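J.: Both chains are sitting in their own frames, so use the hints and assemble them into the complex.
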Amino acid sequence: MASLIRSWIPLLILQSFLVAIAFGSKEAEEFSEALLLKPLPDRKVLAHFHFENRAPPSNSHGRHHHLFPKAISQLVQKFRVKEMELSFTQGRWNHEHWGGFDPLSSMNAKPVGVELWAVFDVPQSQVDTSWKNLTHALSGLFCASINFLESSTSYAAPTWGFGTNSDKLRYGSLPREAVCTENLTPWLKLLPCRDKDGISALMNRPSVYRGFYHSQRLHLSTVESGQEGLGSGIVLEQTLTVVLQPETTSVETNMQPSWSLSSLFGRKVVGSCVLAKSSNVYLQLEGRLGHESKNVDTEIEAHKLWKNADFDLSLKPDRVLRESSSLLFIFDIDKSSDSEPFDLGLTWKLPSKWSCQQAPLQATRFLMGSGNERGAIAILLKATESQEKLPGRVVTDGRCTIKANIFQIFPWYVKVYYHTLQIFVDQQQKTDCEVLKKINVSPSTDKVSSGMLEMMLELPCEVKSAAISIEYDKGFLHIDEYPPDANQGFDIPSALISFPSHHASLDFQEELSKSPLLSSFKEKSLVRSYTEVLLVPLTTPDFSMPYNVITITCTIFALYFGSLLNVLRRRIGEEERFLKSQAGKKTFGLKQLLSRLTAKIRGRPIEPPSSDSPAAQSSFLSSKLIFKIILVAGAAAAWQYFSTDN
Amino acid sequence: MATEKRNKEEEEVKTDDGSPKIKPRPIVQLGIFLVAHSPVFSVVFSAAGVLALLILPLLAKNTYISENALMPGSARSMLSNRDVSDGSKLVKDIKNYRLNHEGQGVEVQKLVGKYMSEMVAEVYYQKFHPEGNQFHPLHFFSGPDSYTLLDNVSCASYGVNVAGIIRAPRGDGKESIVLVTPYDFINGGDYEALSLGITSTLFSLLARVTWLSKDIIWLVADSRYGDYRPVAAWLSEYHSPSFKVSDLLKCGERNTADNFRRAGTVAAALVLKVDGRSERFEDTLSIYAEASNGQMPNLDLINVVNYLAVHRQGFYVKVEKVVSLLSSSWLKIIGEIFEAVGKLAHTLNPDWNFGIPVADYLEGSATLASSLYSQALGIPTGPHGAFRDNQVDAITLKVSPRFPPDSKTRQHDFFLRGARLLEGTIRSVNNLLEKFHQSFFLYLLTSPSKFISVGVYMIAFALLVAPLPMVAASLYIEGCKALTKSTDNPTENLKSWKWLDAAKQVFALHLFGFIVTLLPYFICQVPGQHSPSNRSIMWGTTSSSLLLITFAAIPGCSPFTSRHHGTHWAVLKSVTISAAFIGLCLMSIINFATAEIGALLLVPTCLMAQPIKPALRSRRIKSMLGAFCSMVLLTIGFPVMFFAISKGLFGEGLVGLSLGGEFWTWLESLWAWKSATYLYIGMVHLPCWLLCLCILFHPS
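If you're matching them up, the sequences are chains A and B in order. Counted the way the UniProt record's numbering counts, the first sequence spans residues 1 to 646. Counted the way the UniProt record's numbering counts, the second sequence spans residues 1 to 700.
Chain B with its partners taken away, still in its complex shape (with noise of 0.2 Å):
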């Protein structure tokens, strides 16, 4: 940016002087050849840009264990066939009890209870209530411990957590390791009741081992209303109870507050699920690691994980991917090129080993691309977001055996395996003297084993906006030429103030998107039942008078005032993609992967945002051209248009008239979730969408 005043200063130096005296230095040269040589340039790092994101899943490094203390599978498994038999006799109990007593929850609650103080581990349960999450536009970037607890709470619904804690015999309590089952004790299927059996099978052989020195938790989450709201209760009465008396002790004959018990400092935490048949041959090993905001856990807690499935146990390790990549013809053929260079580099230099086979190259953009995607849209992918609302690192395992659940035989075989899996990782965890540090923080995930750090993909997202600074600068310039020309008045020609006028449009246009923002929390106010559509229609219909009321109260900003001294239309442009350019590197240091897709949508639209009248008007193809693109980058950057998109590349259908109403649900749950997309959606993205509309229908 300094560089950029400087150029700035530079070129106005020469305009003013109209001789070349001076020799400029050579980083000053640099600026000013960049900026006059914009429209090239931009092209150029914007392609470059996309480029290097494509290259990405080329780039992806080996993951590692980082941390020496961890030192997985270097311990030999204790596991033994008895406590396999106290798991399998869990699952049988529990299916018994849910035959011959239909939705009793409470009972098979009590049940995993008694199991686990056979165990010798200390027992309590926990009462919550199911609904927590409320938008409150004052408490989005607050902690989690900002859940107002509601005062009229009915005891008709609510949920309760069984916990129980296995002490370290010789451990000093300071920290503890966090196991989640989420299960339904009301519906939950066969194949939820096994992950309760692979954490028993472990808990029975954890209560016994002298190794522990942090204290075991094993939660069973109840998973009725949902797997994340239980986690994310049992988290806030650990970290932040209420002293206060509740209304929802009196629920129930069971009082749940007095024994809430605690373990330390939460070191990390697993959730285990099981789910499905595996499609595949082996049992498959899902894992999830996306928080809220783009947050990950360390990598190291990934890597002990996949290197004990992979390694000792057999599993076939995945991660999420966009299924619908992985058949697309033009990443195929992208692919095929990047192999073919790859080959090619190969023979030129028998060390250049860059290139991946297509199949390779295909599944690691599928995975990078839901990496992608779920980092940007700041939702958790499971209960292991409400532990990293506290700055726990966890991740959630998915298990799907290849067996049907009622097979006795197999199940022996996977409730050990799964077990021995979970004992590793603990004992891992367990060994570590400090918290996890020693890793990655900030990675995109191509495959289980392979990873993106920070600085490479840091790279495409910089090579995307950096034209932005260069284009602004040289349309301030131009702007600035234009107006000296068409105004003779020598107090409007204060070239320092020129862009004054432009600023305050796009201030206002900001402070609108500011407002549109609120307004979804004062539609929620409005009393009675309204489906998503209506309300999406209601936010539609005050945000548009709104934004006539901005033209209406601000001159000039407006696009339809035919006032022939308003602001240049470049230098408009220029302090929008200013304010793009800010608006997106302030979201790159919040939430990376929107910033990458942000920037992915944006800059073009801004690049190619031109006034559509005089490209009409010289009827000169290239031109046309031009506004064709910029207006069809504008309906694309529409968000409910591109939301649409999006819906109907992930092949869920292209959706009819609901589309407002879906749209409204999403955003919902945006910021139910405290996703600071939505608030990019609104402060940024929106203002610069609609400033690029304002140019368009620029009246110069």
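This is chain A alone, in the form it adopts within the complex (with noise of 0.2 Å):
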């Protein structure tokens, strides 16, 4: 496959220099790959895929692209797509471990399931109608279903909660989609060497799949060009963020596991995909390991750093990097080859331990209650250790706060009461006003459209904890509304804890970095954080037996209407006259016969028909429906026994 693409090239940098001919732009289309690995504190190891690809400002609108994926550029032509977001995560972050005030974190810590959101550039009124068509081509495009986002309930259009202020802004998550290799694949599909070469082709399925987190995310925006005539260009980030336990032999329960690629993916990189302007592997080495060396000028002390008392490095990187609290080691895998395949590992000599930087609140969030009845949704805030050490705080009139956005939304059948909101700071309840400082609620309406919470705390910096509790009623469904397996239960998508004066950003010291990966993590992005999806049981019908259910409600509407009518058109008077007459007539039949058979019988003078006691008469009607209901159940029994035999 790489003996193709590469025969391949010639033809089409001839042909990307032809078109650049011909149409004059000044840029070409830009692609380049990156990979970072992490080691983490509880001894596994983040790898983040980062690729970016630049589309430049063209008049060509988006019809011929070189190394641009058509499926998207279209996309964003037909849609006037704006920017978007597209994620598929499996498993949950971990913000105590793997931390929460870095870029990687803040922009690669996804909620469960499929969250998308996106910002158009059409007038207002059209922006729903796009949502709906966008989710159903990227529901196509990624083989997964996020068409059901099209449904106006469930998706949400945020003001400012989200972090990004506009009103052409649609958000929608799924927690319960299932992501696997069929959403990779066409993920994939988008890189320009696919995953045959270059740093994709680390990406093994299993090895992938079998890891503690796995979140591949897809970011695209439009850059304008500002010039006339000239469309405007697009920015493709596609990331895939995994958590990877290394497999370790040693019993040595406080040494941080050695790895390599090869231990870590089952697989090598040999040579780099050759359409990426560059391809880069990084090594990032958080805490206590940054600070150690703090100048390094000679050979031989840049030679400590990869190979030293603490750890070894198996390469040499390129180019090291100093940011404030952590390593940064730069490889160039151009140099590696089919011989020669770049397998960087790690090994290391001493137990050491450093800890990730923390957001300055960890949150939390959980349901209260139990039963099918009603409940609440609590969020949990809590310091983390390392609040004190943020920069970011704001002093407003003397004090010290810190800002929080909370955005929720919910599904419609969770009937949530805005007015039991209650907030509590240090365990203390706080009236509204004193910490809530923004709030934006748009009510849910019945199978219309769902609920969306918008809120601005400001804290005080000094706070230990702060919970904020709302309660909900449970909704009824109609019986065809029920998804597969209702008997789960209901989710809640998480909640987005973000914070407006916190900015996490990695510094680093040299002024060099072109790469896309660094440029993003040079960046100020906003620190957020996802909460925990929850699982709501809703009263479900018995799905099982819907029979049984119109059986019985059939059988009581007869005995009910059947009396009524009974008791109201009997006219018992009338019916007595009928059969009075009718008893004057019918003095001969089967009865009397009977009764004279008996009586010859018996020898004695025919007795009147008529008995005088009613009770005796009731007796005698009884006891002959007494032998039919015997006649009959003999029968019945006779059946069954002969039927059994056979």
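No wet-lab data here; the hints were simulated from the structure. Among the clues, some could well be false.
[Stated by the list, open to error] Here are the simulated distance ranges between beta carbons:
hint: 1; chain 1: A; residue 1: Asp446; chain 2: B; residue 2: Ser324; range: 56 to 66 Å
hint: 2; chain 1: A; residue 1: Val441; chain 2: B; residue 2: Lys244; range: 19 to 29 Å
hint: 3; chain 1: B; residue 1: Arg312; chain 2: A; residue 2: Lys335; range: 31 to 41 Å
hint: 4; chain 1: B; residue 1: Lys244; chain 2: A; residue 2: Lys524; range: 50 to 60 Å
hint: 5; chain 1: A; residue 1: Lys464; chain 2: B; residue 2: Gly189; range: 34 to 44 Å
hint: 6; chain 1: A; residue 1: Phe476; chain 2: B; residue 2: Arg312; range: 51 to 61 Å
hint: 7; chain 1: A; residue 1: Phe543; chain 2: B; residue 2: Ala672; range: 37 to 47 Å
hint: 8; chain 1: A; residue 1: His503; chain 2: B; residue 2: Val120; range: 30 to 40 Å
hint: 9; chain 1: B; residue 1: Phe403; chain 2: A; residue 2: Phe543; range: 43 to 53 Å
hint: 10; chain 1: A; residue 1: Ser260; chain 2: B; residue 2: Ser117; range: 28 to 38 Å
[Unchecked claim] To be clear about the criterion: a stretch of chain B counts as covered by chain A if any three or more of its residues have a C-beta under 8 Å from a C-beta of chain A, and this derived list gives those stretches:
hint: 11; region: 236-242
hint: 12; region: 623-630
All figures in this text were calculated on a predicted structure; none of them were measured in a lab. Yeah, the Cβ is synthetic: ideal placement off N, Cα and C, and Gly gets one too.
T.: Right, dumping it as structure tokens:
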């Protein structure tokens, strides 16, 4: 395959050259690939694949691209997407151990399932239509049920709580979407080298999906050219973040496991993707390690950085960048080849411990109450240890405060009573005006739209914990609105907690980073964290026996209406008169014959057929009835006996 | 009921006209027939009801796994010797620690916590206050979150739970499975420590498996203050925490509120206890499932445990049974009769295989009796009851090893098998995509692998209460006739209102019952320390004075007023029976077992009740016998009397003078556990019993 691609390259280059001449564009399309590896404090390794594809503004109306995927550019053209992000995630991001205050986690820690948001460049009235069409297009493109976000009950239009202020923003998430290789394959198809060459060749499906966290993300944004007649450029950023557990043989528990690319992924990198402008592998070492040596000038000291008493790198880094709390080793994989594959390894020699920087407040969300009736949703914000050290405190009126935005969507069948919102700060109940700076509520409409809650809290800096609780009632669904496996319960999508006054970025001392990955890390990104998905058990009908229910309902109806009609229309007086007249006529019959016969046998005169006491008659009648019943029962028993014998 | 009403109408039409002209419809005919012959049918139906109850062990079906997703035992166990040695080490450490440091429970908790965190679990400690159950009449049926937090919490006594959570590596954290091991950190015996060993063995495995989809919580409940309370406290913190500041947090050095962690909706819970040596050759596993008010966990949970324990790990599985019934001769005779009938049926048709051996029958009925009794009592049989109160399916597993606790060699094997059993169960529950809903919730067990579903056991109850409306109707007709004869005044002859006087009396006595039910709350409020016997005397005196007031205040209510124009006893009995019928039917919905046992007592009493004076006057043996029977039944039916008799039956020895005190304690436990049986006794049984007493001494 590699050779095939290589044979195509001259052709492609020629073509691009010709096109460039023909349209006179100044920039060419660019593709770059990068892989960031980062050992985590809890003996795991994070691998972050980053691919960036830039299509410069052109007047070609997106018809011809050299590297940029046509499907995406068509998407952008058709639905006038200004910015969009789609993520598929499996597993939970561990904010405690894997960090919550670096660009990597704030951008790549995503909620379980599928999350999609998009900003459109269309008039306000067409935003919803564009969103619906976009969900269908993406659904087809990524083999996922993103089209379920089409329904107005599943998406919302956040105003400011999401972080991006735009009235043309739509947000939706599907917490139950299972993520697997059928979602990865179409995602890889957007890369020029797919997973055949370059860094993406590492993506061995079993090892990628064996991880503890797996999040594949696609972010695209359009860049306005500012020139007349020129369309807009598109930047497509594709990332895959996996957290893997290196296999270890050592029994010592406090020793970090050693690993190499081949032991993590079962594959090695043999050369870069030739279409990529840059392809690098980064290794980030956090914590104590970064502080060790401040000034590294000589060759020996530089050598010490990657081969020292603590750990050993199997390859010599091309460059070393220093950040305030971490070291970044940069490797260029262009030099590797089939004979000499790139297989970076890290061997630990001494036990080492460090901790990741955490977001100012750690958020957990849980359900209160049990059973099928009522409940409450509670969001608990706890101060982390690193809160003290963080920048981004705002001092207003002499008070130091931390701002936190909470954005939450409620499905309509969770009927939230917004007036029951309670806020506790350090176990003291606070009135709304004390801590709540801004709130935006859009209540849900049954079967039409979902509810949305945006809150901006202003908490004192020395806060230890804050709790927010809001009560809800569980609604009833129509029988055909239940999803498959309805007895599992219903999901409430993750809430998003963001800290508008805190921004995460990596601050490198050298100003030489041209790589898209590093430049994206250098940009200040909003610190955000998603909470857990909640499972609400709703009342579910017994799907297995609707027939029984129908039968019993019909029986009750029949009994009720039957007796009611009987009471209403029967005229007892008339019936009595009729029976009297009948009794006069009806003197002969089978009964008469029988009574005569019995009288003959007994040798007594014929008794009058009517008896005086009602009780005697009733007993006579009922003994006959009992006889009948016994006869029928006997017949049934006999039939049962003979039928079972055969 | 509708038929009944129609019957009455029909009957009245006849008595008015005198001549039968209308040919009644068959269903009406049947109704008239039943009402007309109600004495015969009531005997037949009641006997059939008792017979149906006795026959239940024969009708028990074998359990089966209803939910396909459970797939118990289909996966190979992954437990290794390393895990077992982890567990053994913990047990050894605890033992050593306990030997060296007497009475330092907190340190043992820290030790357990340290082990948990070494297994990469998130560990936290939770403090709780031992007293949580307070009787409050208004909170009777409300949920478990109605514990009112006491304001003046003393730091002198509080318990500390240790809990560890293993997060499912690839799970979404929506659901969790809870493992509970109650352990007394101060006085816990050697056997109890073994349960920690088993769970620790399992936990060590679960920390490294990849198949988990639900988080696992291991709760080491501090059972210093009983098994139930720590689990209930943990669950109430889990499901309904109070965000307000609590005094309890200030106790001790560790601040616990902030680090309480949760792991989604609890899918199922298993409580593991190890106690005593097994009397049998094998290790014994007892399953306890009854939660408050006769609620049962889904049968599938019991099935999975039973299947794995019997077919994979070779435990001897049992459920609780009434041991005294095993040796009772009358039950043995009944069993022999059933066996003979079964054999006879088998010779007639080889397909009829309902006969079971006497031994099986005895076992089955002893288990059934225990199952009925535990459900009827409404008190959970273990810490799993706290989970059921939060709508979580849970059972308690009590394992008794066959070796003494200090045997090292056997311990390894025991840990391996115990942990494998739990592993298999957790794996099955982990497989579940939906919550437990496939199998039965309403059932009685006759053995760990046999059950009687609601459709079968309802028959016994239905037969038992069926005569009540019939007898009520026939008595009403009788009473109406008698009243019509006795009164010549046409204004009093409004036939449709004859029951009003009787209904007044019935209502008054039910109101009395309601007040008596609430009385203990006020007695508890009386300042000063009182012994249970004193309290019961207080209760008895207030109740009887209230009863006298009721009799005095409402004319015609008392049995001792010799008014000739008072309500006819037949009408009174008819209304009483109707009230009993309604009460029993309502109770059968709330707690079936209570209704069943209550019906066994109340139905004969109500049916047999008749005025004693005419019987004595008539001096006929038949009526004398009837009066004697009703007196005996009434004596047995008095709640205190029945309590004493059942105590004697269960082999606890007859109690003497302290009977009142014991009865009080028993009732206290009933309301503390929010058992609906307490309400039944106070609001259905007691008024009906008093009404029967009224009928017995009726002046007519």
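J.: Taking the earlier hints as the rules, which of them does this structure contradict?
T.: Hints 3, 4, 6 and 12 not satisfied by this model.
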